[in-house]
Each structure stands twice: as structure tokens, then as C-alpha cells.
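> Sequence:
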Amino acid sequence: MREYLLTLCITAAVTYLLTGPVRKFAIVAGAMPEIRARDVHREPTPRLGGIAMFFGLCAGLLVADHLTNLSQVFETSNEPRALLSGAAVIWLIGVLDDKFEIDALIKLGGQMIAAGVMVVQGLTILWLPIPGIGSVALTQWQGTLLTVALVVITINAVNFVDGLDGLAAGMVCIAATAFFLYAYRIWYSYGIEAAAPATLFSAILMGMCLGFLPHNMHPARIFMGDSGSMLIGLVLAAGAISVTGQVDPDALNLYVGSEKEAVHQTVPVYIPLLLPLTIIAVPAADLILAIVRRTWRGQSPFAADRGHLHHRLLEIGHSHSRAVLIMYFWSALIAFGALAYSVNSASMWIVLGIVFLSAIGLALLLLPRFTPRTPRWMERFVPPRYRRRGIPALAPNASTPASAAEQAASVAHETRAPVVSGVSGVNGATAIGGRSRPADRRKAGTR
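Sequence positions in the sequence shown follow this note's numbering and run 2 to 448.
There's no promise every hint is true.
If you anchor each label on the Cβ, the simulated ranges turn out as follows [unchecked claim]: (1) F101 - P22: 19 to 29 Å; (2) L63 - G21: 15 to 25 Å; (3) W378 - A89: 49 to 59 Å; (4) A138 - A89: 22 to 32 Å; (5) A89 - V29: 45 to 55 Å; (6) I317 - Q143: 42 to 52 Å.
Just so you know, these hints were derived from the structure itself, not from any lab.
Source: prediction; values computed, not measured.
The C-beta atom is built at its ideal place from N, Cα and C for all residues, glycine as well.
Given the sequences, and given the hints that come with them, work out the whole structure.
Encoded structure:
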């Protein structure tokens with residue numbers, strides 16, 4: 002575990018330290034596209050954050066190659082080299098897209114080429130554990146097609162959800178954490194060395210996201226761009242492919258005892274089929290909804306719009322930060338719920354806990370204008386929007402009628418017009434559309 006944590010910290014440190022210079026390079030290189038209609042930010046922001054993330058990936062693999070235990074992964078498996086080769090291909094395509102805005106079909110072809118590069122070097126699905134049947138060996142063409150399909154779907158799901166500051170990096174970090182815990186359990190508890198590459202990939206992916214997040218949280222100073230979103234999507238898919246297609250379920254030695262016990266104990270065998278889907282459940286749902294919505298309107302499935310889930314959260318009144326936290330919540334609930342079920346599938350408390358947390362998540366969705374207030378002794382430690390508003394003091398002669406100018410100012414304050422989208426100084430939550438705020442009707446001297 003210590004070597005995985007060291008690899009994670011080195012990856013995060015390199016990514017964090019390189020993001021600042023990369024931001025300056027992106028500004029000089031002109032990788033600051035004009036604000037589009039579907040964007041929620043109001044100022045041109047540099048892209049190419051994927052450059053720092055890619056070098057963080059290289060640093061993590063380099064450090065792991067020189068550690069005592071993790072170096073065995075490079076000696077016994079070619080998967081780390083396959084990941085680096087595929088990552089380099091997808092990263093170059095993303096950099097070109099961030100600078101020159103290449104066509105969507107060209108990007109799709111590049112994604113398939115990156116997946117093919119990994120397949121050629123051995124990172125592919127060899128068999129599938131099917132409930133009720135067992136392990137089903139796949140032919141070379143079946144494994145290749147399934148691997149390419151999983152890589153392309155994961156990359157585009159992560160790319161589609163990259164619409165708010167810190168959203169994609171945070172969601173992928175949550176997914177990578179859940180996947181790391183699962184893969185580490187398979188590797189350490191069952192002693193299966195074939196799960197070590199997936200564990201390493203998840204640790205490096207967490208480091209890439211954690212190192213980039215401080216620069217990408219709202220208001221973001223730099224975007225990861227397609228060079229970053231496609232890169233982390235590919236790394237996430239590589240970990241899922243490694244565990245699902247390389248670990249032999251028979252090596253877990255779970256088929257012992259009674260038939261009922263065997264059914265419960267074989268749950269970890271089937272979880273690799275579900276966990277890669279659950280950790281990208283929210284991005285994948287957004288991807289499917291986007292394709293259906295655009296096709297229904299007669300548009301191309303790759304045509305950009307403002308109908309994504311995070312856009313809808315902003316439109317119903319959630320602030321930028323709250324919309325991101327809600328998406329984090331649902332991702333963590335689905336990923337860690339599936340992880341907990343894989344550990345103990347017979348516990349009813351897990352199901353009840355997931356239902357209870359889902360109810361809390363639904364309540365948060367229905368309270369877009371609720372703003373929590375902190376105690377007065379904590380106000381100096383929180384942002385201004387969470388502090389209590391001061392109550393104006395009574396005037397010396399409260400009974401004296403106000404002047405005409407003061408009355409006119411008061412009327413103008415209470416009947417102010419809605420905030421217009423894109424105006425400087427407006428919170429990011431109103432960047433999608435104008436939204437009027439309720440007038441402050443408190444009078445002086447009232448509580």
C-alpha cells in the first residue's frame with residue numbers, strides 16, 4: 002500500500018507543479034478559444050491542461066518501475082507499456098483538438114486507434130465471467146471489438162461530462178478511488194498478481210485528478226480540454242479492461258461450501274462487469290440522453306448543445322459549486338454502493354443505506370435556492386456567500402419620513418430587473434440564463 006500511495010503522491014505533485022507553467026504556455030500558444038453558446042464560463046480560459054496530466058502519468062509509471070514491489074508489474078506484464086502507448090496517441094489527438102478544433106469523426110478514429118494500440122500490446126479482454134454460465138473465453142476478434150467499444154464509450158462519457166469547473170476530474174477521481182479499493186482487494190486479499198496493473202492504473206489516475214483539481218475548481222484557471230478528458234477516460238477504461246479481462250475468476254477459489262454460500266461468494270466475480278459501468282453511470286447516462294436528444298431533433302449525435310445534466314442543474318437554480326457537488330454525490334453513491342455490495346452482498350444495511358442516501362440526494366435536487374448558514378464563530382473560515390447578512394441599524398429618527406431620493410432608491414432596489422446572462426460580476430450559476438433574485442424585503446429595525 003505504501004508504494005501505491007507514494008506513486009499517487011508523486012503523480013499528483015508532478016501534475017500540480019506542471020499545471021501552472023502549462024497554463025502560461027497555453028496562453029502564449031493561443032489555446033484560449035472564444036466563449037461558445039453552450040459554455041458556462043464568462044471569460045476565455047486556457048486549455049491544454051492534459052499536458053500536465055500526461056506528464057504526471059509518465060512520472061507515476063516511472064516511479065513505480067523503480068519501486069521494489071511495483072517493479073514486478075512491469076516485469077510480468079506488458080500492460081503498463083500498452084497503457085502508455087495508447088495514452089500518448091490519445092493525448093496527441095487531444096492536444097491538436099484543443100489548439101485547432103479537429104473534426105469529431107477524426108477524434109473518434111483516433112480513439113479507436115489508441116484502443117487498438119493497447120490491444121496489440123496485450124491489454125485486452127480475454128474472457129468474461131457470465132452469471133449462471135461461468136467464464137466464457139473470447140476469440141481474438143471478439144475481445145478486440147469489446148475492448149475498443151469499452152474504451153470509446155468510457156472516453157466519450159468522460160468527455161461529455163466535462164462541462165463545469167472541476168466536474169470531470171472530481172467524478173473520475175471518485176470512480177478511480179472506488180476501483181482502486183476493489184482492485185487492491187482482489188490483488189492483496191486473494192493474492193492474484195494479475196490485478197496489480199489495474200491497482201496501479203487506479204492509483205496513478207487518482208494522482209492525476211487530485212493534482213489538477215486545485216487549478217480547475219470554480220473559478221477555473223485552466224481547463225483540461227480534450228487532451229485531459231480523453232486521457233483520463235482512457236486510463237479509467239484500461240483499469241476496467243485489465244481486471245475484467247485478465248483476472249481468472251477460478252483463481253479466486255470461491256466455489257466452496259453450499260450452493261447458497263457459493264452464490265453469495267461469487268459476487269466479486271461478477272462485479273468487474275458492473276463496476277466499470279457504475280463508476281461512469283452518471284457520464285454514461287448523460288451520453289445516452291445527449292445522443293437520443295440530438296437524434297430526435299434531427300441533429301448529429303456529436304453536435305454540441307446545452308442539454309447536459311450539469312446544464313439542467315444550473316437552469317433550475319443551483320449554483321455552479323452546488324451543481325458540481327451534486328454530481329459528485331451521485332457518482333460516489335453509485336460507485337461505492339457497488340463496491341460495498343461486492344464486499345458483502347448479503348447485508349441489507351447496504352441496500353437501506355443506499356436508499357436513504359438516494360432520498361437525501363433527491364431532496365438536494367429539489368432545493369436549488371437553499372443556502373446553508375454557518376454559526377457566527379465560523380464565518381471567518383467560510384466563503385462570504387455562507388455568512389449571515391448584517392441587519393442595518395436603526396436611524397436616529399426612525400419615524401422621520403425618508404427623502405424623495407431615498408424612497409426612489411428603495412423602490413429601484415426592490416423592483417430591480419433580472420440579471421442578464423454574461424454580465425461581469427454575476428455568479429457562474431446564472432451564466433446559462435437570466436434569473437431574477439427575490440427582493441430583499443427586510444426593513445430597518447425588523448428581524
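> To test your reading of the hints: which numbers does this structure violate?
The structure breaks only hint 5.
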